[in-house]
Amino acid sequence: MTTTPTHLPGPLHDPAATRPLDVADIRADFPILGRAVRGGRPLVYLDSGATSHKPRQVLDAERDFYTIHNSAAHRGAHLLGEEATDAYEAARSQVAAFIGAQPGEIVFTKSATEALNLVAYAMSNAATAGPQAERFRVGPGDEVLVTEMEHHANLVPWQQLCQRTGATLRWFGVTPEGRLDLSNADALISDRTKVVAVTHQSNVTGTVPLVAEIAALAHARGALVVVDGAQSVPHRPVDVATLGADFLAFSAHKMLGPSGIGVLWGRRELLEAMPPFITGGSMIEVVRMEGSTFLPPPQRFEAGVPAAAQAVGLAAACRYLDALGMENVAAHEEALTAHALEALGGIDGVRVLGPLTTEDRGGAVSFEIENVHPHDVGQLLDELGIAVRADHHCAWPLHRALGVQASTRATFYVYNTHAEVDALAEGVRQTQRFFAAA
Amino acid sequence: MEVESMYREIILDHYRHPHNRGLREPYDAEVHHVNPLCGDEVTLRVAVKDAGGEPAIADVSYDSLGCSISQASASVMTEALIGKTVREAMGISGAFLELMQSRGAAEPDEDLLGDAVAFEGVSKYPARIKCALLGWMAWKDAIAQALDGSPASQGATQPGGEQT
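For the record, the sequence lines run as chains A and B.
Counted from 1, the first sequence has number 301 at position 301 by the numbering used here; the numbering is strictly sequential.
If you want the numbering used here, it's the position in the second sequence, counting the first as 1, plus 438.
Derived by calculation from the structure, the hints in this document are not laboratory data.
Careful: at least some of the hints might be erroneous.
Unchecked claim - Okay, the calculated beta carbon distance ranges per label pair: (1) A:Q163 x B:R454: 40 to 46 Å; (2) A:P15 x B:H457: 53 to 59 Å; (3) B:P564 x A:R400: 54 to 60 Å; (4) A:L356 x B:P564: 33 to 39 Å; (5) A:R164 x B:G521: 49 to 55 Å; (6) A:Q102 x B:K562: 31 to 37 Å; (7) A:I347 x B:A543: 37 to 43 Å; (8) A:Q102 x B:A543: 53 to 59 Å; (9) A:N184 x B:P564: 41 to 47 Å; (10) A:R400 x B:G490: 46 to 52 Å.
We treat Cβ as the ideally placed atom computed from N, Cα and C, and that holds for glycine.
Here chain A stands alone, though its shape is the one from the complex (with noise of 0.2 Å):
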């Protein structure tokens, strides 16, 4: 890259603001973390970058809406519809004050998939729509850019949209070390990218790429930029004032809320010309038989009876990571990452997958076992009630790209010990020695 990166290496919080969280006090809020599984083990839960756990909490908030409130929010002429819409308001304003947003800014979706796919089809749908939708339309010479190591929810849906309307898919390559190749930058960001869309940290490696770099390079070319947060914004602190996005999408349940809701944040200006992706009740204007118009943004993009206990139960969450405190949050991964790292590192025979310190790197941390595949590692580790991933984790040309067929993964959340990673690594070496040949 011949432009001067501003980023400079280092951790991903503010290690001065930071206090340690007091995990005994945190795992007694989460009720599944007291059950035990295969030959009464205890469980140990390394597997929340696919789904967190829920604390009391999240789960008092959806049973007490359910239990007084319930009601179809935006609705209904009786106090509880009255109730459920106040609820849902409250939360997306809580979801955005979690991001640094104004609560317009707010999509809820059934899923961080949902939230891309929403931008992707908005971007087709632009072709129909009227001339506020300019900006969104792509089609032949014009180009999508997107990473190899994205998860297939920030690809697949980028590919789509090519095959729909002719542009080109073009996207960055990963470094042997598991860190975006942006070598090629200024060549791949050209006048005919239309949309960048990036992850905010992987999946697989936890690499973070610099997408505020990325994102000054794309608009400097007049692209949007859509950021995937399902595994930044449950870790870290995010600000969408200095992300440098267009567009944020992120899911509830990785980040201790409930499965079923997801979210997406857009700027104000661009929310306001996007077309509809989902149409239906609720995001209408007036319907005529002859055509219907939309309502503003965030209602546009709404359509259906809205998810509110789901809404209810993230805002909860919300407040229970906002009590913890984002940037101990992130320095408490940083931690037991740093100490992953290590113990596995250090064990003959297992490859960590990606960046080797915690420089720009998340909590997930995937390994490959030499002579040992992934599943059987899976396996042998859930004998000993660890709950680990162990396929391509949805990242399959980003498992290409490093040269394994699949990986190991241990992803942590603020329930975590180092206890925890400790019974991993001593997991890990169990597993050699039971396939060791004979």
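Since chain A is already given, all that's left is putting chain B on it; use the hints.
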């Protein structure tokens, strides 16, 4: 450990020393199957011959990337099927599929299945059934093509079902 009911010594043996591995000539059909979850893959060839007016399995050869269960299962499968008539082989493959769907409750026929009975323990681990079936589903696809002469396919093995 409970998991040893799945990783029986005979399975680990086949995994460490696979039988009939490596792609061979001649063959009548070749298929490539993938497990979409983990990316495990197998390329499998089948050669048929005439055995007294009835089609029979002359050879099954394969090349694969995968876990111990999928590798051992392919090895065991070739042992069970090579030399059998297609009708016998279909019976064996049907019995293996049934065993895999039994959740550990089947009483497998060792005379029919040979070393494949050792996979009984795998059926108790739903996430691994696909691994055990990868080679067998590839074989079913390949033999169908070898018999009707249709072109080789690329497919993904679905859990407990046909390739798509």
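Evaluated hints:
1. A:Q163 x B:R454: 40 to 46 Å: About 44 Å separates the Cβ atoms of Q163 of chain A and R454 of chain B, which means 40 to 46 Å holds.
2. A:P15 x B:H457: 53 to 59 Å: Once the Cβ atoms are compared, 57 Å apart, the range 53 to 59 Å for H457 of chain B and P15 of chain A holds.
3. B:P564 x A:R400: 54 to 60 Å: Given a distance of about 27 Å, which is not inside 54 to 60 Å, the answer is violated.
4. A:L356 x B:P564: 33 to 39 Å: Distance hint for L356 of chain A, P564 of chain B holds at roughly 35 Å.
5. A:R164 x B:G521: 49 to 55 Å: Hint holds: Cβ distance 51 Å, inside 49 to 55 Å.
6. A:Q102 x B:K562: 31 to 37 Å: violated, 52 Å
7. A:I347 x B:A543: 37 to 43 Å: holds, 39 Å
8. A:Q102 x B:A543: 53 to 59 Å: holds, 58 Å
9. A:N184 x B:P564: 41 to 47 Å: At roughly 45 Å between Cβ atoms, P564 of chain B and N184 of chain A fall inside 41 to 47 Å, so the hint holds.
10. A:R400 x B:G490: 46 to 52 Å: holds, 48 Å
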